[in-house]
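So the protein sequences, as listed, match chains A and B.
Numbered per this note's numbering, the first sequence spans residues -2 to 282.
Numbered per this note's numbering, the second sequence spans residues 790 to 1213.
Hints may be right or wrong, so weigh each one.
Here are the computed distance ranges between Cβ atoms for each label pair [what the hints assert, rightly or not]:
| id | chain 1 | residue 1 | chain 2 | residue 2 | range |
| --- | --- | --- | --- | --- | --- |
| 1 | B | Thr899 | A | Leu221 | 28 to 36 Å |
| 2 | A | Leu81 | B | Arg888 | 44 to 52 Å |
| 3 | A | Val65 | B | Asp1168 | 30 to 38 Å |
| 4 | A | Trp128 | B | Gly853 | 56 to 64 Å |
In case anyone wonders, no lab produced these hints; they're calculated from the structure.
Ideal Cβ positions, reconstructed from N, Cα and C, are used throughout, including at glycine.
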Amino acid sequence: MSEQLLAQLMNGLLIGCMYSLIAIGLTMIWGVMNIINFAHADFLMIGMFTSFWLYTLYGVDPLFSIPVCAVLLFVLGWLIYKYLVSKVMTGPGLAQVVVTFGVSIFIANAAVFLWSPDFRMIEKPLLYGTWNFGTVQLSIPKAIASLGSVAVSVALFLFLRKTKTGKAILAVEMNRSSALLMGINTERVNALSFAIGSSLVGIAGAFLSMYYYIYPQVGGTFGLISFCIVALGGFGSIEGAFLAGILIGVVQTLGGYFFDPAYKYAIVFAMYLVTVWIRPQGLMG
Amino acid sequence: MDRKRSRILPYALTLLLSLSLASAGVAADQVIKIGAVYPLTGAIASTGLDCLHGAELAVDIINGKYPDLNLPLAKTEGLPNLGGAKLKLVVADTKGEPRNGQAEAERLVTQEKVVGMIGAYQSAVTKTASQATERLKIPYVCSDSSSPTLTERGLKYFFRVSPHDAIFARDQLQFLKDLEKAKGVKIGTIAVLYENTEFGSNVGKQVLMLAPEYGFKVVADISYSANATDVTSEVGRLIRANPDVLMHASYITDAILFTKTFKEMGFNPKGLMTFAGYIEPGYLPAVKADGNDIIVRSTFALDLAKRKPLVAKVNALFKKKYGIDMSENAARSFAAPFVFADAINRAKTTEAEAVVKALLATNIPGDQVVYPWKGIQFDPKSHQNIHARGILVQIQNQNYVTVWPFDSAAANVIWPFPAWKSRK
């Protein structure tokens, strides 16, 4: 019983770290630009497929695809911001919602067209198998992916606090007009945030591809949960998203274990609703 | 006389010409449109496409000339009683959502003017789509959804060819009984695990209801959401319950996720008995050898060809067209167009009431189907095919082989399920 509890807790933490990394990119884009990127889950899918194809066609292990995914999604994010999102930034709010929604539908359908709706898996990544701690078993790729997620989140945190560019991003997040008056190129900061946010979810995709199946609609549930995390953690708060991600992972796993798995997402969403009710700005907003 | 003839001749010629044109019109232009609703995008798009391929091949066979195939209307081109009219599938995407199933079925009937409907695969979607066709008075022949409730609604226009989950659940439990007798093993407890929509919860209900009748004790009853991102809590509960046998009703994404998690967490029942997800064509390519030794319910297996040469011939055609072997899904969906074509041909019209009457009189013999059945005949009340039955296949060396009923098995069943640690 207590072994199972420990195993559940560990698994909750692992999936939670993954959720955090996926949600951080989303919350960053929201914080800086006040727009929700509905294509976020599709960027995750592109990251996963990039890693899959590098592995299948060139034998590159997903561990080494991480930088490729990071750069590729950075560029993609930059381009989508520059040629689509920036055009509607001054337009009505609805246009901003619709533009990323359109990108999402386009990417998902293009993926079905290009790669078929089939399920793929990276069979034998370098990191493979399970670690046994007594009776508790932990999947190695899952554990490494989660540690990697934490590392990337910390790196982002340091980048924002310690570098000049990072500080500029935070300044825009706090107050766009003041930042503009201080001589910060807000347009560039927007593009950079969108690109970094996309890049982070690309990295998450590469990590996830080490142990999760890959298909064009894989982002669906991850996307929904990351919206929930962003709201729970406080819109735009990176630390908030990090904590909320882990919290949701643990609650989901333990809730499913102790109550009923059929309601594990209901518990997660109920927690979100209660938070929004008591503390509308989220945990750290 | 001459003058008379010269006056009649143009009329006669015109009459002759228009008659021949008219009959040519019936033969060449008359197309019988059948609506096909399947999930072609969304989480189970690969399954939907596979089903559609089965139905498309059936339509090809009906429309073309295949003298060496003993299938209804294969030897003739089109429907002979309707001047060789051809069948045409009008395809619509449900995205796997019940509301789309209903909307698309309505659109196909009212705008595309289809005269019949097939498909949906997911029981929850078939349910809403067939409610739409019932209201619009259009016959629906389903050969790929297995929820028992579909044929318990007393619908007038809905027919089902394939077995439903009450039949399958009984098969699985009967298999366990037969196994106890044949191998001297003792099976006491079972756990039931099922996704929580129409399909899964009905399987769960059936197994829970029937298990005591067969003398098994249910030690866990777990439902879950099929689009879960992580199932460690579900598997944790299974480990806690420690059943002899697990019965699992799933779609494909959850089947893949559970297989990985069973292995990771070392969940080792003596038998893994499953429904649906584990036999979808995307499953084995995704999990490879981890799928070995799992038992799945089926209506079709390629090794049936040993006793039914028709299976090999149909599979050859399928492979030629799509490049892969015919899966169970494709094989199930393959039935509906034949049933429709046969009924419309006998009714000699596409008028709904006459087609329903003809469907009720359907009697396709067992040697004209690719399944191990005595044929296709509908129960006059429920409209369920009374001959539909299931087989059990086991994944051995990454192939689906028939293991039950024992008298038609192609291989011996591997039992108990080898421990994950001892597998590579």
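Results for each hint:
{"no.": "1", "hint": "B:Thr899 - A:Leu221: 28 to 36 Å", "result": "holds (33 Å)"}
{"no.": "2", "hint": "A:Leu81 - B:Arg888: 44 to 52 Å", "result": "violated (30 Å)"}
{"no.": "3", "hint": "A:Val65 - B:Asp1168: 30 to 38 Å", "result": "violated (59 Å)"}
{"no.": "4", "hint": "A:Trp128 - B:Gly853: 56 to 64 Å", "result": "holds (58 Å)"}
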